[in-house]
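Visitor: In the order they appear, the protein sequences are chains A and B.
Residue 259 in the working numbering sits at position 259 of the first sequence, and the numbers go up by one each step.
Quick note: to get the working numbering, add 534 to the position in the second sequence (first position is 1).
Hints were generated in silico from the structure; no laboratory data involved.
Any given hint might turn out to be false.
What the hints assert, rightly or not - Calculated pairs, DSS-like style, for lysine-lysine (alpha carbon to alpha carbon, straight line, at most 30 angstroms):
{"hint": "1", "chain 1": "B", "residue 1": "Lys-825", "chain 2": "B", "residue 2": "Lys-605"}
{"hint": "2", "chain 1": "A", "residue 1": "Lys-105", "chain 2": "B", "residue 2": "Lys-705"}
{"hint": "3", "chain 1": "B", "residue 1": "Lys-816", "chain 2": "A", "residue 2": "Lys-70"}
{"hint": "4", "chain 1": "A", "residue 1": "Lys-166", "chain 2": "B", "residue 2": "Lys-647"}
{"hint": "5", "chain 1": "B", "residue 1": "Lys-605", "chain 2": "B", "residue 2": "Lys-794"}
{"hint": "6", "chain 1": "B", "residue 1": "Lys-748", "chain 2": "B", "residue 2": "Lys-807"}
{"hint": "7", "chain 1": "A", "residue 1": "Lys-429", "chain 2": "A", "residue 2": "Lys-441"}
{"hint": "8", "chain 1": "B", "residue 1": "Lys-794", "chain 2": "B", "residue 2": "Lys-748"}
{"hint": "9", "chain 1": "A", "residue 1": "Lys-107", "chain 2": "B", "residue 2": "Lys-804"}
{"hint": "10", "chain 1": "A", "residue 1": "Lys-429", "chain 2": "A", "residue 2": "Lys-325"}
{"hint": "11", "chain 1": "B", "residue 1": "Lys-825", "chain 2": "A", "residue 2": "Lys-138"}
{"hint": "12", "chain 1": "A", "residue 1": "Lys-105", "chain 2": "B", "residue 2": "Lys-748"}
{"hint": "13", "chain 1": "A", "residue 1": "Lys-32", "chain 2": "B", "residue 2": "Lys-791"}
{"hint": "14", "chain 1": "B", "residue 1": "Lys-807", "chain 2": "A", "residue 2": "Lys-138"}
{"hint": "15", "chain 1": "B", "residue 1": "Lys-823", "chain 2": "B", "residue 2": "Lys-647"}
{"hint": "16", "chain 1": "A", "residue 1": "Lys-107", "chain 2": "B", "residue 2": "Lys-825"}
{"hint": "17", "chain 1": "B", "residue 1": "Lys-605", "chain 2": "A", "residue 2": "Lys-97"}
{"hint": "18", "chain 1": "B", "residue 1": "Lys-791", "chain 2": "B", "residue 2": "Lys-705"}
{"hint": "19", "chain 1": "A", "residue 1": "Lys-97", "chain 2": "B", "residue 2": "Lys-816"}
{"hint": "20", "chain 1": "A", "residue 1": "Lys-166", "chain 2": "B", "residue 2": "Lys-816"}
{"hint": "21", "chain 1": "B", "residue 1": "Lys-823", "chain 2": "A", "residue 2": "Lys-107"}
{"hint": "22", "chain 1": "A", "residue 1": "Lys-313", "chain 2": "A", "residue 2": "Lys-482"}
To be verified - Listed below are several chain B residues computed to face chain A (Cβ distance under 10 angstroms; list not exhaustive):
{"hint": "23", "residue": "Arg-583"}
{"hint": "24", "residue": "Thr-588"}
{"hint": "25", "residue": "Gly-590"}
{"hint": "26", "residue": "Arg-617"}
{"hint": "27", "residue": "Ile-626"}
{"hint": "28", "residue": "Phe-630"}
To be verified - Computed Cβ-Cβ distance ranges for the label pairs, DEER-style:
{"hint": "29", "chain 1": "B", "residue 1": "Ala-781", "chain 2": "A", "residue 2": "Asn-286", "range": "41 to 49 angstroms"}
{"hint": "30", "chain 1": "B", "residue 1": "Arg-763", "chain 2": "A", "residue 2": "Gln-87", "range": "50 to 58 angstroms"}
{"hint": "31", "chain 1": "A", "residue 1": "Arg-283", "chain 2": "B", "residue 2": "Lys-807", "range": "55 to 63 angstroms"}
{"hint": "32", "chain 1": "A", "residue 1": "Ser-39", "chain 2": "B", "residue 2": "Ala-781", "range": "42 to 50 angstroms"}
{"hint": "33", "chain 1": "B", "residue 1": "Arg-617", "chain 2": "A", "residue 2": "Lys-97", "range": "13 to 21 angstroms"}
{"hint": "34", "chain 1": "B", "residue 1": "Asp-811", "chain 2": "A", "residue 2": "Lys-97", "range": "23 to 31 angstroms"}
{"hint": "35", "chain 1": "B", "residue 1": "Lys-794", "chain 2": "A", "residue 2": "Ser-278", "range": "26 to 34 angstroms"}
{"hint": "36", "chain 1": "A", "residue 1": "Gln-52", "chain 2": "B", "residue 2": "Lys-794", "range": "38 to 46 angstroms"}
{"hint": "37", "chain 1": "B", "residue 1": "Arg-617", "chain 2": "A", "residue 2": "Arg-283", "range": "48 to 56 angstroms"}
Since the model is a prediction, treat every value here as computed from it, not as a measurement.
Heads up, the beta-carbon is just placed ideally off N, CA and C, and yes, glycines get one too.
Here is what each chain is made of, one letter per residue.
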Amino acid sequence: MFKERIDILEREADNPTLFQNEIYEGFRQQAKFYERVASLHSSLPLEDMGRQLFKILGEVINISTLELVKWSATDRAFVTAAAYSDQPPASELKCNKNLINWSLKNKTVSLVPSDDPRCLQSGINGVFILPLIGSEGKLGALLLWGNYTLETSSWLVMHMLNFVAKDISGVFENIILRRRSRNIAELMDGIIECVPQAIMAVDMDNRILACNRNAEFMFDFKRVFALDEHYTEVLPEKLIPVFSSLIMSTISGKHEIDYETEYPLADGTVLMIGISTSLLYNREGNAMGVLLICRDLSLSREVQKLRELDQMKDEFVHTVSHELKTPLTSILGCSETLLEIRHELSDDFAEILDILVDSAEHLKELIADLLDMSRLQTGRMVLEKTPCDLRHGVDEIIGMLENNKNDCTLVVNIPEDMPPIDADYDKLKRVFQNFIGNAVKYSPAGGEVRIDIETAGDMAVIKISDHGLGMPKDQLPFIFDKFFRVDSSTTASIEGTGLGLSIAKHIIELHGGTVDVVSTLGKGSTFTIKLPVQ
Amino acid sequence: MNSTESKTNPDMAEMTDTERLKEIIEKLDDVPSLPTVVAEVNRAIRNPRVDANTVGQILTRDQALSAKTLKLVNSAFYGFPHRINSVTRAIIVMGFQRVRNLVLTASVLDKFKGGNVDFDFSSFWKHALGSAISAETLSQELKLQESEDAFVAGLLHDIGKLLVVLYAPEKFVRIRAIVNKKNCLIIEAEEEVLETTHSTVGAWLAKTWQFPPKLTQAIRMHHDPQSVREYYEMTYITHVADIICRALNFGDGGDKKIPKINDHVWKALKLDKNILDNVMKKTLEGFDKTKDFLQLLQ
Numbered sequence: 001m002f003k004e005r006i007d008i009l010e011r012e013a014d015n016p017t018l019f020q021n022e023i024y025e026g027f028r029q030q031a032k033f034y035e036r037v038a039s040l041h042s043s044l045p046l047e048d049m050g051r052q053l054f055k056i057l058g059e060v061i062n063i064s065t066l067e068l069v070k071w072s073a074t075d076r077a078f079v080t081a082a083a084y085s086d087q088p089p090a091s092e093l094k095c096n097k098n099l100i101n102w103s104l105k106n107k108t109v110s111l112v113p114s115d116d117p118r119c120l121q122s123g124i125n126g127v128f129i130l131p132l133i134g135s136e137g138k139l140g141a142l143l144l145w146g147n148y149t150l151e152t153s154s155w156l157v158m159h160m161l162n163f164v165a166k167d168i169s170g171v172f173e174n175i176i177l178r179r180r181s182r183n184i185a186e187l188m189d190g191i192i193e194c195v196p197q198a199i200m201a202v203d204m205d206n207r208i209l210a211c212n213r214n215a216e217f218m219f220d221f222k223r224v225f226a227l228d229e230h231y232t233e234v235l236p237e238k239l240i241p242v243f244s245s246l247i248m249s250t251i252s253g254k255h256e257i258d259y260e261t262e263y264p265l266a267d268g269t270v271l272m273i274g275i276s277t278s279l280l281y282n283r284e285g286n287a288m289g290v291l292l293i294c295r296d297l298s299l300s301r302e303v304q305k306l307r308e309l310d311q312m313k314d315e316f317v318h319t320v321s322h323e324l325k326t327p328l329t330s331i332l333g334c335s336e337t338l339l340e341i342r343h344e345l346s347d348d349f350a351e352i353l354d355i356l357v358d359s360a361e362h363l364k365e366l367i368a369d370l371l372d373m374s375r376l377q378t379g380r381m382v383l384e385k386t387p388c389d390l391r392h393g394v395d396e397i398i399g400m401l402e403n404n405k406n407d408c409t410l411v412v413n414i415p416e417d418m419p420p421i422d423a424d425y426d427k428l429k430r431v432f433q434n435f436i437g438n439a440v441k442y443s444p445a446g447g448e449v450r451i452d453i454e455t456a457g458d459m460a461v462i463k464i465s466d467h468g469l470g471m472p473k474d475q476l477p478f479i480f481d482k483f484f485r486v487d488s489s490t491t492a493s494i495e496g497t498g499l500g501l502s503i504a505k506h507i508i509e510l511h512g513g514t515v516d517v518v519s520t521l522g523k524g525s526t527f528t529i530k531l532p533v534q
Numbered sequence: 535m536n537s538t539e540s541k542t543n544p545d546m547a548e549m550t551d552t553e554r555l556k557e558i559i560e561k562l563d564d565v566p567s568l569p570t571v572v573a574e575v576n577r578a579i580r581n582p583r584v585d586a587n588t589v590g591q592i593l594t595r596d597q598a599l600s601a602k603t604l605k606l607v608n609s610a611f612y613g614f615p616h617r618i619n620s621v622t623r624a625i626i627v628m629g630f631q632r633v634r635n636l637v638l639t640a641s642v643l644d645k646f647k648g649g650n651v652d653f654d655f656s657s658f659w660k661h662a663l664g665s666a667i668s669a670e671t672l673s674q675e676l677k678l679q680e681s682e683d684a685f686v687a688g689l690l691h692d693i694g695k696l697l698v699v700l701y702a703p704e705k706f707v708r709i710r711a712i713v714n715k716k717n718c719l720i721i722e723a724e725e726e727v728l729e730t731t732h733s734t735v736g737a738w739l740a741k742t743w744q745f746p747p748k749l750t751q752a753i754r755m756h757h758d759p760q761s762v763r764e765y766y767e768m769t770y771i772t773h774v775a776d777i778i779c780r781a782l783n784f785g786d787g788g789d790k791k792i793p794k795i796n797d798h799v800w801k802a803l804k805l806d807k808n809i810l811d812n813v814m815k816k817t818l819e820g821f822d823k824t825k826d827f828l829q830l831l832q
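For reference, chain A alone in the conformation it holds in the complex (with noise of 0.2 angstroms):
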């Protein structure tokens, strides 16, 4: 400001009369101008700056609106960040892309006269084009839309505006600057609550200058009371020692500590927990304190431990299923060779095979379920696809019920032209076998299972319905879970393994289809599976 003061005083030496009173005139109104310009700073905030800066270059030139741009690096063009307007509102002002940039590189104040007719409706007939620019680069631009006669232009004005295009770009650089530092500082806060480990900082005094809130979970204390006090007063007492030691030995030897130790909780349950150490430094690259970050590892090391039980139980069921077959096939061999003499036997002996070979029967099925089950888990489940004619298939499964169909009627209804689809004719009769077996096994005796096949589209939907048990609404979503059994006390005295269901669904999504069911307790249920033709 002083500068210019001389600047305009040493182009007057040579005529020191001509223009003193203009000259005089021009310094008190610059002077009352910039001091007022000047007194805008980065803490207001961007409306009110808009607003304040608005009034005082009113005073000095006709001004319509004010806008505020940013530059956008990203989206590689000018937005809008304040604007401040009588009339008409910045939003409906455009101005051109270029001619901001122009004035950026000249680092020009520009008045660019508009000919837009929008403008000109609401008295605008140009634009001042005033270019901020921060120690990095391009900032933005003030934009001052009004009525400008070329005298508005005046040198002094141009010189005026100049001045307020590198205040504002001044401030304008420390808001985004501020805002920016505040966004970082509110991320870091943000990312240093979130990390799944407790996290504690402690200064060369041994007092807590940070943690964050995992660390109030693990060592039970509350952040507001443990801020700045001696971490000895806030931890636990079995901690100490440990943490104690770890500090010493950081500071003393400047590295980084691994350490894991166990933490008995107040209810006799020990966490093993783990402590990384690293020295913590200011700015000036000096030691200030050290940094400690736990983390629970007992919460890891049980999922490790489970998932390696479950691998373990999956085997051990594979194994035991196939080492149980070969006595199983020696038993029921000898079981088929006594029925053969059964009509030689008394009464009571005849009833005891009986129930020898049904034990046999419902054991072979029992290890095919496991087997198909371990199978399926571990994916070593192979298709064998041929046309299968369903017709077929579910006249073979209703024959094989019929010494145990419990009075009920099964009504089929399979059209004609029904075409074969290509499935695996052997996996798809287990799927039959298992919703058929059901819709009767869990019908009242007399009761009606309907099996309706159609196709749609090119899937063929089978739909089974019973008019049995049912299911509550709220055990639906786990039926097709492996050893999950609809919990009632009507059901108790069915058996089954509570995998049929589970395989079923298995094979039908192996053949690329679904499954889905309807089911009202007390009144049945109804299943459609879907398959695809080809």
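With chain A held as given, fit chain B onto it using these hints.
Guide: For chain B alone, coordinates are given in the frame of chain A:
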């Protein structure tokens, strides 16, 4: 002997220089003059309340000069997105200072575009234009005030040479012969023949033409920047720009030498290799867009 003294005592040097200058200038039949509107524009913008319209009207009185100024305003060098059709509009878009400087540039280029002498004017102006661009770029790079003025200082820093070429051609021939023979700096040869240098002659002309004092000073001191006592920045910038331009081999600076940048200037401007690299790069880019400036010479 005298030249070393002049470095330590500028006031004394000025006196003796003036005497020597008189000898040359007295021989001049006709001191070159600039169009009257240039002085009028200069005077007009001393009034802080002057508006673009008034200055525009003054300029329009010299139609030829206005047209040349507009040609420069619309040149690729400034690259304004729209065509600017009047000097008044040029003033409101580009500012008073820059248009004033373009008027000055246009009239000086026009005045000294050639003569009946064996001298490559085009090479001379290429060097001048290169220095102008590098002076403006340098002052922008260093975030100094009034980079527009640096442009003019760079452009006119060697104007004294033209005065010698045009008004004392036989002396110039001797100077050139010495430069070629001894492979020395042109100012050394000038000292020998004229007992003064083109810087002093140029400064005298600038003063006669009522150029702003900082411009006069920059022209006078650009070969001896550490002796400058006022307007440091402008002088330092001009000194560096001249050398950058010689390094880039733009046109002809009068001799084939690339002097070292004065240590004092290097420290005062806080120069470093990065800044110079940047300025050189931008000067090269800018120089490609100055076709319109050089066309004024034709």
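Visitor: All the hints need checking, so say for each whether the structure fits it.
Guide: Hint check:
1. Lys-825/B with Lys-605/B: Holds, at about 11 angstroms.
2. Lys-105/A with Lys-705/B: violated, 44 angstroms
3. Lys-816/B with Lys-70/A: holds, 25 angstroms
4. Lys-166/A with Lys-647/B: Measuring from Cα to Cα gives roughly 39 angstroms; hence the hint is violated.
5. Lys-605/B with Lys-794/B: Not satisfied, since the Cα-Cα distance of roughly 36 angstroms exceeds 30 angstroms.
6. Lys-748/B with Lys-807/B: Holds. Lys-748/B to Lys-807/B sits at ~27 angstroms (cutoff 30 angstroms).
7. Lys-429/A with Lys-441/A: This hinted pair holds, its Cα atoms lying about 17 angstroms apart.
8. Lys-794/B with Lys-748/B: Since the Cα atoms of Lys-794/B and Lys-748/B sit roughly 23 angstroms apart, the hinted pair holds (cutoff 30 angstroms).
9. Lys-107/A with Lys-804/B: The given pair, whose Cα atoms are some 22 angstroms apart, holds under the 30 angstroms limit.
10. Lys-429/A with Lys-325/A: Given that 30 angstroms is the threshold and the Cα spacing comes to 21 angstroms, the pair holds.
11. Lys-825/B with Lys-138/A: holds, 28 angstroms
12. Lys-105/A with Lys-748/B: holds, 25 angstroms
13. Lys-32/A with Lys-791/B: Given that 30 angstroms is the threshold and the Cα spacing comes to 52 angstroms, the pair is violated.
14. Lys-807/B with Lys-138/A: holds, 23 angstroms
15. Lys-823/B with Lys-647/B: Measuring from Cα to Cα gives roughly 19 angstroms; hence the hint holds.
16. Lys-107/A with Lys-825/B: holds, 23 angstroms
17. Lys-605/B with Lys-97/A: holds, 24 angstroms
18. Lys-791/B with Lys-705/B: At roughly 21 angstroms apart (the allowed maximum being 30 angstroms), Lys-705/B and Lys-791/B satisfy the hint.
19. Lys-97/A with Lys-816/B: The given pair, whose Cα atoms are some 23 angstroms apart, holds under the 30 angstroms limit.
20. Lys-166/A with Lys-816/B: Distance ~23 angstroms between Lys-166/A and Lys-816/B Cα, so the pair holds.
21. Lys-823/B with Lys-107/A: It holds: about 18 angstroms lies between the C-alpha atoms, which stays within 30 angstroms.
22. Lys-313/A with Lys-482/A: holds, 14 angstroms
23. Arg-583: With Cβ-Cβ at 5 angstroms, under 10 angstroms, it holds.
24. Thr-588: Since the shortest Cβ distance to chain A is 8 angstroms, the answer is holds.
25. Gly-590: holds, 8 angstroms
26. Arg-617: Result: violated, 13 angstroms to nearest chain A Cβ.
27. Ile-626: Given a least distance of 4 angstroms, the restraint on Ile-626/B holds.
28. Phe-630: This interface hint holds because 5 angstroms falls under the 10 angstroms limit.
29. Ala-781/B with Asn-286/A: 41 to 49 angstroms: holds, 45 angstroms
30. Arg-763/B with Gln-87/A: 50 to 58 angstroms: Distance hint for Arg-763/B, Gln-87/A holds at roughly 55 angstroms.
31. Arg-283/A with Lys-807/B: 55 to 63 angstroms: violated, 28 angstroms
32. Ser-39/A with Ala-781/B: 42 to 50 angstroms: holds, 47 angstroms
33. Arg-617/B with Lys-97/A: 13 to 21 angstroms: At 18 angstroms between Cβs, range holds.
34. Asp-811/B with Lys-97/A: 23 to 31 angstroms: holds, 29 angstroms
35. Lys-794/B with Ser-278/A: 26 to 34 angstroms: violated, 50 angstroms
36. Gln-52/A with Lys-794/B: 38 to 46 angstroms: violated, 52 angstroms
37. Arg-617/B with Arg-283/A: 48 to 56 angstroms: holds, 53 angstroms
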